[in-house]
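*Asks:* Listed here are the chains, written in short residue letters.
Protein chains: 2
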Amino acid sequence: MDAVDKLGMTAAIEQAKNSYAEGGIPIGSALVYHGSAGEEPRLIATGHNERIQKASATLHGEISALENAGRLKPDVYRKSTIFTTLSPCSMCTGAILLYRIPRVVIGENVNFLGGEDLLRSHGVEVIVLGSEECKSLMAKFIREKPEEWNEDIGEETVA
Amino acid sequence: MDAVDKLGMTAAIEQAKNSYAEGGIPIGSALVYHGSAGEEPRLIATGHNERIQKASATLHGEISALENAGRLKPDVYRKSTIFTTLSPCSMCTGAILLYRIPRVVIGENVNFLGGEDLLRSHGVEVIVLGSEECKSLMAKFIREKPEEWNEDIGEETVA
Ligand SMILES: [Ca+2]
Ligand SMILES: [Ca+2]
Ligand SMILES: [Zn+2]
Ligand SMILES: [Zn+2]
Numbered sequence: 001m002d003a004v005d006k007l008g009m010t011a012a013i014e015q016a017k018n019s020y021a022e023g024g025i026p027i028g029s030a031l032v033y034h035g036s037a038g039e040e041p042r043l044i045a046t047g048h049n050e051r052i053q054k055a056s057a058t059l060h061g062e063i064s065a066l067e068n069a070g071r072l073k074p075d076v077y078r079k080s081t082i083f084t085t086l087s088p089c090s091m092c093t094g095a096i097l098l099y100r101i102p103r104v105v106i107g108e109n110v111n112f113l114g115g116e117d118l119l120r121s122h123g124v125e126v127i128v129l130g131s132e133e134c135k136s137l138m139a140k141f142i143r144e145k146p147e148e149w150n151e152d153i154g155e156e157t158v159a
Numbered sequence: 001m002d003a004v005d006k007l008g009m010t011a012a013i014e015q016a017k018n019s020y021a022e023g024g025i026p027i028g029s030a031l032v033y034h035g036s037a038g039e040e041p042r043l044i045a046t047g048h049n050e051r052i053q054k055a056s057a058t059l060h061g062e063i064s065a066l067e068n069a070g071r072l073k074p075d076v077y078r079k080s081t082i083f084t085t086l087s088p089c090s091m092c093t094g095a096i097l098l099y100r101i102p103r104v105v106i107g108e109n110v111n112f113l114g115g116e117d118l119l120r121s122h123g124v125e126v127i128v129l130g131s132e133e134c135k136s137l138m139a140k141f142i143r144e145k146p147e148e149w150n151e152d153i154g155e156e157t158v159a
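As they're listed, the protein sequences go chains A and B.
Per the UniProt record's numbering, the very first residue in the first sequence carries number 1; after that it's consecutive.
Per the UniProt record's numbering, the very first residue in the second sequence carries number 1; after that it's consecutive.
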């Protein structure tokens, strides 16, 4: 893993763990400016899912990181990578496309498979790490709070 | 226009005007629960673009309305219509798909054309009203603050 990916994924996983510790959905994200070749990478912002903590319907990990980043000039996104511990849902996928973020690094896509194909069809580079740490944390949460998880992805819970 | 659409579009346009009055991007949205046939429609929440007001990169009109609605059970979205004064960008399109909102009513799509085809390809009913009021308010804003508008849709402003 290169320096950009280590910086971003470490921050995203830390956010996921923090969210879990708060009783929330353990999905974390980070936005890293990687600039042009040779530039030092810079962590712009991090975030985690806030459904439970803030009764939020839109602050998924990725949206939260983008929101915490504040207003950025369009060219900043175009030289950045977004990291997320779990495959991005259609809303977060759409946010990545809106800002034309060229690169997405995903911890795992076993517990949920989002808009990876749509991203690729728009020329976005998508990397799935297959992280065991991400998989087991998310699987634990889904076992513990299936209804909250289903609500987060718009699925009805079948009793 | 039926009762649901009148309720929703009136609220969305009011939000757009409020945002303009605050110096913000004049895009408004509303989420209306239309229930099953014969049920009284209910305005769940409204919102407007908050880029300028809250230095927000994610609170577009539709995201703002969904956020203001708070946590809802998945089946509520499935019996609701979302109204927006302007065609939804890819992020807002993705949010509509995430929550499987079955119906989207759009004020206009001349100043910006978003993910209408993607919505339709997922079976979402999309209605474009072609509102002159929505068109002229948005056009006025774009003339006055082109850079802010471009930033909102991730476009670089060419001097
Ligand atoms: Ca927190
Ligand atoms: Ca306001
Ligand atoms: Zn998401
Ligand atoms: Zn939008």
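It cannot be assumed that every hint is accurate.
You can't tell identical chains apart in this list, so a pair holds if it fits in one copy or across any two.
[What the hints assert, rightly or not] Heads up, simulated SDA-like pairs for lysine to any residue below, C-alpha to C-alpha not over 25 Å straight-line: (1) Lys135 to Gly70; (2) Lys54 to Asn68; (3) Lys6 to Gln53; (4) Lys6 to Glu148; (5) Lys54 to Ser121; (6) Lys54 to Arg71; (7) Lys73 to Val128.
What the hints contain is simulated information worked out from the structure, not anything from laboratory work.
If you're wondering where the values come from, they're calculated on a predicted model, not measured in any experiment.
*Asks:* Out of the numbered hints, which ones does the structure contradict?
*Replies:* 1, 3, 4, 5, 7
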